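Please model the complete structure; the sequences and the hints are all you need to start from.
Top to bottom, those sequences are chains B and D. Position in the first sequence (from 1) plus 44 gives the number in my numbering. Position in the second sequence (from 1) plus 873 gives the number in my numbering.
Misleading hints may appear alongside valid ones.
Said to hold, decoys possible - Taking lysine to aspartate or glutamate pairs in the EDC-like style, the calculated list, with each CA pair at most 16 Å apart, reads:
id: 1; chain 1: B; residue 1: 391; chain 2: B; residue 2: 473
id: 2; chain 1: B; residue 1: 67; chain 2: D; residue 2: 1077
id: 3; chain 1: B; residue 1: 158; chain 2: D; residue 2: 1113
id: 4; chain 1: B; residue 1: 477; chain 2: B; residue 2: 343
id: 5; chain 1: B; residue 1: 356; chain 2: B; residue 2: 323
id: 6; chain 1: B; residue 1: 346; chain 2: B; residue 2: 168
id: 7; chain 1: B; residue 1: 316; chain 2: B; residue 2: 459
id: 8; chain 1: D; residue 1: 931; chain 2: D; residue 2: 1118
id: 9; chain 1: D; residue 1: 908; chain 2: D; residue 2: 955
id: 10; chain 1: B; residue 1: 358; chain 2: B; residue 2: 459
id: 11; chain 1: B; residue 1: 356; chain 2: B; residue 2: 459
id: 12; chain 1: B; residue 1: 158; chain 2: D; residue 2: 1118
id: 13; chain 1: B; residue 1: 259; chain 2: B; residue 2: 303
id: 14; chain 1: D; residue 1: 1116; chain 2: D; residue 2: 924
id: 15; chain 1: B; residue 1: 272; chain 2: B; residue 2: 132
id: 16; chain 1: B; residue 1: 356; chain 2: B; residue 2: 312
id: 17; chain 1: D; residue 1: 979; chain 2: B; residue 2: 400
id: 18; chain 1: D; residue 1: 909; chain 2: D; residue 2: 955
id: 19; chain 1: D; residue 1: 931; chain 2: B; residue 2: 164
id: 20; chain 1: D; residue 1: 1116; chain 2: B; residue 2: 164
id: 21; chain 1: B; residue 1: 67; chain 2: D; residue 2: 1079
To be verified - Stretch-level coverage of chain D by chain B, calculated; a stretch enters the list once three of its residues show a Cβ under 8 Å from a Cβ in chain B:
id: 22; segment: 966–978
id: 23; segment: 1018–1032
id: 24; segment: 1057–1069
id: 25; segment: 1117–1124
Derived from the structure by calculation, the hints contain no laboratory data. Treat the numbers as computed from the prediction; the structure is a model and nothing was measured. Even glycine gets a Cβ: it sits at the ideal position worked out from N, Cα and C.
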Amino acid sequence: MKNIFFYSLGLIGLMLITTGCQKEVTNRTANLPALDPASTDLTAGTWRTILLSRPDSFAVAAPVATSSPLYLADLFEIKSLQKTLTGEQASTIKYWAAGSVLRWNEIMRGLVAKYNLPPEAISDTSYPIPSSANPLAYPLFPFSNPPYAARAYGYISAAQYDALVACWHYKTLYNRAAPYVVDSTVSALYINKTTLPSYPSEAAVLAGVTAEMMKLLFPDEIANIQAKLVEAEQATIMSGAATRADITAGEALGRQVAELFIARARGDNAGKAVGTPSDWSNFVTITTNQGLTPWNSLETPKRPPMLPLFYKVKPFLFDSATVVSLRPAPPPAVGSDEMNKDVAEVKNYINNPTRENMRIVQFWADGVGTYTPPGHWNAIAAEDFANQNYSEVRFARNMALLNMTEMDAAIVCWDIKYHFFNPRPTQLDPSIKTLTGIPNFPAYVSGHSTFSGAAATILGYLLPSNAAKYNAMATEAGLSRLVGGIHYRTDCETGLTVGENVGNYAILRAQNDGAN
Amino acid sequence: MKKKTKFHLVTAMAFSLVATLAKAQTVDDAIMMSKKQWCNGLTYMHSSWNEYWEGTTKRTNLNLGTVTTQSVMYMTSYGITDKLNLLVNVPYVWTNSSAGTLHGMKGFQDIDVDLKYEFYKTKIGKGDLSLIGLAGVTTPLSNYENDFLPMSIGLGSTNLSGRLTADYQNGLFFATLSSAYVFRSNVTIDRTSYYTTQINYTNEVDMPNQLYSNLFVGIRNSRLTVQAQLMNMYTFGGFDIRKNDMPFVSNQMNSTSLGAHVKYFLPFIPNLEVVASADYVIAGRNVGQAQTYTGGFFYILGL
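Here it is as structure tokens:
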């Protein structure tokens, strides 16, 4: 009989051995193939820029001739690196070869998740506010909540796009072939050969522009970002795609283009979006004076509303008057039959939540410690774009369209939220317990729905074969907030429509930017 | 009734941020069922905390208040032989918090199936020493939401454990030392990415393995057991909850608790045993400082 025991011990040992090897967790995108553009998009230097007035606003000096000793020295560097390539270096090349726009976007999402933590209360009455002047002190700057994140993704992607348009301009102007074309003894390691000129290097442009933008957006991360920049540039040289001179010129161009966007960001009103105590109480006064029930923070202690003046931020796709024009009709008044029905529906969903509803809520929660809803749509888009054989510049253009849409959706949504200052379901019925945290801002309209409606609209335009999928995802994202107990149906349905309206401005831009 | 017909003790160790992380029954004592004896029991557990360790920093959270986990567990064990027992436990768990807005969770948690084997017994001095090995597996009985801590009823991993227990009894007095290594399978969550100390683009989470260690000291005769208990849970890896972040399934959850446990065979119903215990977490990391109370009864049948 004791054999039973030892047999079972043996069985467990066997299970340990077989499952033990599978404990390592691998990122979905870890082993993506190298970028293999269907087109080099050689005319991208003529595509419509966002802030750059001309693609050659920033000068890039002509490269030296491929016969010059300087160039030969650069080739020699590549060849000696390739000769002594380590396994780790090969992994780095493969990682970046999947596409620099993709990889920087992934890094950016990681930073948003890292910094998306609401500051802890100082006392039983108040909260500290992160300060860009003192980013290393607690609370760390930034608190990358959804509007902050939407704007950060927007600026980074827009700057990357403009920088690559300038890059492509000089590529066609100088038309210097890649090292592996000039010298047949240079290999194209773990990358696909293209006929795209290599001066200035698009990988270095992306590294430079992104690193520079990060100084503004995630100042605590400058050292880490600089290390990533060096890694990306070194990988590009080792792969045979670019020479040291291609890299140097590219990084400088990227950093210059970033300055343009940083200057805009400093003056776009985001720095004042936190508001003041009098701003906060003003929302309450205005709403109360209209005979309506004002929104209340449901946290203890009561937390000031999240970035209430974010609606004043300057959008990318339209002007501030358009923001106001995108406001929908008011939500049902508290106490009206319609609102009572809405509250009852939320209560009904939350009374006995189904497992499938819990799954939907968690899938789309994108709350504290995550890359936020705009980040979620970045993940969806980037992983779909990765299968499209895009050039870097087209990848960047599509990400810029998405992220300008998401930033503007945040501005429009925040305008609506603080214009109507409408309570959450739990404020009206405290017995409504929620399946995820209640965001600390007014209900109408749902941010998730607005972000998702906007993203699905522009992504559906960019990848028409996926349009139905994106729309279904957006609808589910909106629904997740209703069945999770934190929004009324009206918030979600109206939010989706508002988002679509914002997305249509991005389509308008996409139809006229010269990339089609 | 023979001396060794007593059922293994039941100790709730639900001192974690997740409900009954340390399985609510211990398989860590030295008591064996005799051949063809069949024991069935029900226990109720109530565990609550209003302070928890965020990493190594202890704090309260006004948006959680007191988090309470309760469970009812059906437990059964059978003597295949005098030296080999089969143990099965099925817990139903529910949670709630006294403040904030988070929804409580409920459901069948993880079934636990163990084989317990007394492989060595000898006299040392005036006392008896026995050595017991145990092999066990736990796995979720329902598809509960594991990514909603601290309200989740469990973590969702399938665990394999190997345990070694040494027990020494001299007259009325006894001491039991027991240790288990728990191999935990990876789990999946409903999200497609999550942040640990870095961003992870996957729904799969690497669950670090754990070590559970217990020391019981007390008196024991055929009718009554009274013991003091020191219990430790250690997680080999995982990460700390960041300041004001939510807890996560793969946090490094460590804890040490101190408690007492009593079990008693009722004089008027000789096969009915009642059990009760109380435990309090005295040190921890990424867990709640729970106080846990358990009560229950067992009935032993001779087949």
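Hints, one by one, checked against the model:
Annotation: proposed proximity of residue 391 of chain B to residue 473 of chain B holds, straight-line Cα distance about 8 Å (limit 16 Å). Between the alpha carbons of residue 67 of chain B and residue 1077 of chain D the distance comes to roughly 10 Å, so the proposed pair stays at or under 16 Å and holds. Restraint check for residue 158 of chain B and residue 1113 of chain D: the C-alpha separation of about 13 Å stays at or below 16 Å, so the hint holds. A C-alpha spacing of about 13 Å is found between residue 477 of chain B and residue 343 of chain B, which places the hinted pair at or below 16 Å, so the restraint holds.
Only pairs whose Cα atoms come within 16 Å are accepted, and residue 356 of chain B paired with residue 323 of chain B is accepted, the gap being roughly 13 Å. At most 16 Å may separate the alpha-carbon atoms for a hinted pair to count; residue 346 of chain B and residue 168 of chain B meet this at roughly 9 Å. About 15 Å separates the Cα atoms of residue 316 of chain B and residue 459 of chain B, which keeps this hinted pair within 16 Å; it holds. In summary, the hint linking residue 931 of chain D to residue 1118 of chain D is supported, as the alpha carbons are separated by about 14 Å, within the 16 Å threshold.
Taking the CA atoms of residue 908 of chain D and residue 955 of chain D, the gap is near 5 Å; set against the 16 Å cutoff, the hint holds. Taken as a hint, the residue 358 of chain B and residue 459 of chain B pair is honoured in the structure, with Cα atoms around 12 Å apart against an allowance of 16 Å. The suggested pairing of residue 356 of chain B with residue 459 of chain B holds, with an alpha-carbon distance near 8 Å, which does not exceed 16 Å. Only pairs whose Cα atoms come within 16 Å are accepted, and residue 158 of chain B paired with residue 1118 of chain D is accepted, the gap being roughly 10 Å.
About 11 Å separates the Cα atoms of residue 259 of chain B and residue 303 of chain B, which keeps this hinted pair within 16 Å; it holds. Of the pairs offered as hints, the one joining residue 1116 of chain D and residue 924 of chain D holds, with about 14 Å between alpha carbons and a cut-off of 16 Å not exceeded. For the hint linking residue 272 of chain B to residue 132 of chain B, the alpha-carbon distance of about 15 Å falls within 16 Å, and the restraint holds. Using a Cα cut-off of 16 Å, the hinted pair residue 356 of chain B and residue 312 of chain B holds, with the two alpha carbons roughly 8 Å apart.
With a C-alpha separation of about 15 Å, the suggested pair residue 979 of chain D and residue 400 of chain B falls inside the 16 Å cut-off, and the hint holds. Distance restraint check for residue 909 of chain D and residue 955 of chain D: the Cα-Cα separation of roughly 8 Å lies within the 16 Å cut-off, and the hinted pair is therefore satisfied. A hinted pair counts as satisfied when its Cα atoms are at most 16 Å apart, and residue 931 of chain D with residue 164 of chain B qualifies at roughly 14 Å. At roughly 7 Å between alpha-carbon atoms, residue 1116 of chain D and residue 164 of chain B fall within 16 Å of each other, so this suggested pair holds.
For the suggested pair residue 67 of chain B and residue 1079 of chain D, the alpha carbons sit about 6 Å apart, so the restraint of at most 16 Å is met. A count of 6 residues in the segment 966–978 of chain D with a Cβ less than 8 Å from any Cβ of chain B is obtained; the coverage claim is therefore met, three being the minimum. Requiring three or more residues with a Cβ within less than 8 Å of a Cβ of chain B, the coverage given for the segment 1018–1032 of chain D holds, as 3 such residues are present. Residues of the segment 1057–1069 of chain D with a Cβ under 8 Å from some Cβ of chain B number 9, which satisfies the need for three, so the listed coverage holds.
Note: the segment 1117–1124 of chain D has 3 residues with beta-carbon separation from chain B under 8 Å; the three-residue rule is met and the coverage holds.
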